[in-house]
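J.: One letter stands for each residue in the lines below.
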Amino acid sequence: MDINDVIISIKNLKKSFGTLSVLNGIDIEIEKGENIAVLGRSGSGKSVLIKIISGLLKPDSGTVKVLGREVDKISDAELQKLRLKIGFSFQSSALYDSMSVKQNLEFPLVRNLRNLSRKEVNAAIEEVLSDVGLSQTINQMPSELSGGQKKRIGIARTLILKPEIMLYDEPTSGLDPITSIEINKLIVQVREQYNTTAIIITHDLVCAKETADRVAMLLDGKFLMQGSFEEVFNTDNENVRTFYDYNFINAK
Amino acid sequence: MKVDPEKSEGLPGIKYFISEKTDLFFLTLYNVHKFIIRFFKVAFSPPFEFKEIINQCYQVGYRSLGLISLTGFITGFVFTKQSRPSLSTFGASSWLPSLISIAIIRALAPLVTALIAAGKVGSNMGAELGSMKVTEQIDAMEVSATNPFKFLVSTRILATTLMLPVLVTYTGFVGMMGSYLNVHQNEQTSITAFFKSAFSTITFLDIFSSLLKSVVYGFTIGVAGCYQGYNAQNGTQGVGRAANMAVVLAMFMIFIEEMLIVQVINEFR
Ligand SMILES: Nc1ncnc2c1ncn2[C@@H]1O[C@H](COP(=O)(O)OP(=O)(O)O)[C@@H](O)[C@H]1O
Ligand SMILES: [Mg+2]
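Going down the list, the protein sequences come from chains L and Z.
Residue 114 in the numbering used here is what sits at position 111 of the first sequence, and the numbering runs on without skipping anything.
Residue 105 in the numbering used here is what sits at position 95 of the second sequence, and the numbering runs on without skipping anything.
Label-pair distances were calculated between CB atoms; the ranges are:
1) TYR72/Z to SER64/L: 43 to 53 Å
2) GLU73/L to SER79/Z: 50 to 60 Å
3) THR38/Z to GLY150/L: 31 to 41 Å
4) GLY46/L to LEU34/Z: 20 to 30 Å
5) LEU39/Z to SER64/L: 24 to 34 Å
Listing some non-contacts, in silico: residues in chain L with all C-beta distances to chain Z over 10 Å:
6) GLU34
7) LYS105
8) SER176
9) LYS225
10) ASN240
11) ASN242
12) ARG244
List of simulated lysine-lysine pairs, BS3-like, C-alpha gap at most 27 Å:
13) LYS51/Z to LYS84/L
14) LYS35/L to LYS165/L
15) LYS51/Z to LYS76/L
Think of the hints as simulated: they come from the structure by calculation, not from any bench.
Here a beta-carbon is modelled for each residue, glycine too, at the ideal position from N, C-alpha and C.
Isolated chain L (complex conformation) (with noise of 0.2 Å):
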């Protein structure tokens, strides 16, 4: 595999909060266009994981280097020009609730692309509207939103900068069985139709298993298992069976 083909490679990251450690060596290499399914339970560390990645918080030691930049080295105005390919989904979807839909959409549309007319902006905010399905809500605020409404509209909102990167943090959660189906589709035609490489953090395994090619298990600040579905949970280990089984409990 050519080097340049590493999207995201992360060589013994370690991150602790005072003496609660948190990532304790984490190594990972993300191909272009992989999506990835990061799995752990609560507290375990994910989210600090993603936030790594974008530079929101600094790891401790360790090299994170994303389309071979190593985002905690370089300057705020290339940490700028990065973010402008990686896209993030909120665990709490994260919209700003005191705009409108349509408001959030062209939010980091017009202060990144400053030349664009008001009729390449509308364009841009019906057509990521109409990927995620949800052209209706366009002039709805944050709080007239469902659940996985919001999630989409959170998805819409980083698709308009046409992202090479997506990080969704707990896309499912919180969101009942059927929506939960309509965001792992998403997911999967996002993949499709923006080329993104991806990471999904879960504990859904449906989610895991719909949108994933490969799996990582994190557990005690490192990834304890990583590779396909089958792959890793095929195994004796207590952590991730109990993980398996909770999900599955009527396969058994």
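Take the given structure of chain L and dock chain Z with the ligands to it, following the hints.
T.: Frame of chain L; chain Z with the ligands shown alone:
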């Protein structure tokens, strides 16, 4: 049980220079100072968020107008009423308008307006930015390659700094009207005679110091509200705390600034 003096306060094993609270106080001052420097770096470099600045100016004015109208008017009225007996003792109740105008323009209007704005606007900014922080909206702006500090903080600090002089002028006017009402009831003074007498003792320095104060207080309220909101932590609880601390920090700084500005201005009288 033996108490290790170094460990007797706060978290075990952590050393403080003075005590946990004192250290925290100086740390806050240092961080506020860094926050202000960041404001000056960001606020005056293009592109500017004009629309949002105007929106925030409107919010600041709209939020405080009702309460400062009421407070300003009543302050002028009551202050006049209560000063009358002591002046009458010397047969000097005709000095009432000039005494009141000095009190209102030099001291009361800036201070009353600033304290009300700190309570209404400062707490609102603390809560608003605080909830944006804890619901990751600020992080979301950051990862979408936009500058949340510029959009959220700079615009708000500029708005309070620009609007406080306007509000203080308005409070001064309303306060004088309250005073006039009381003077008119008692001494039957006409409005022209009242204002002529009132402004006879007001100097340029009085107006200047009042405006200077209002600019400083406006800046302080914006900084305190935004600083607390922008650094909010720990969920909903943190939002309430940010709103509360915004008011405490703003009022604390306003009183210290009042002391300093009055000392300096008096050097020029
Ligand atoms: N900014 C922060 N400051 C202090 N502790 C943090 C911070 N962010 C996360 N943590 C802690 O790190 C641990 C992992 O958090 P997180 O990555 O959010 O877990 P999850 O795997 O559920 O997403 C938690 O114990 C959390 O309290
Ligand atoms: Mg998380």
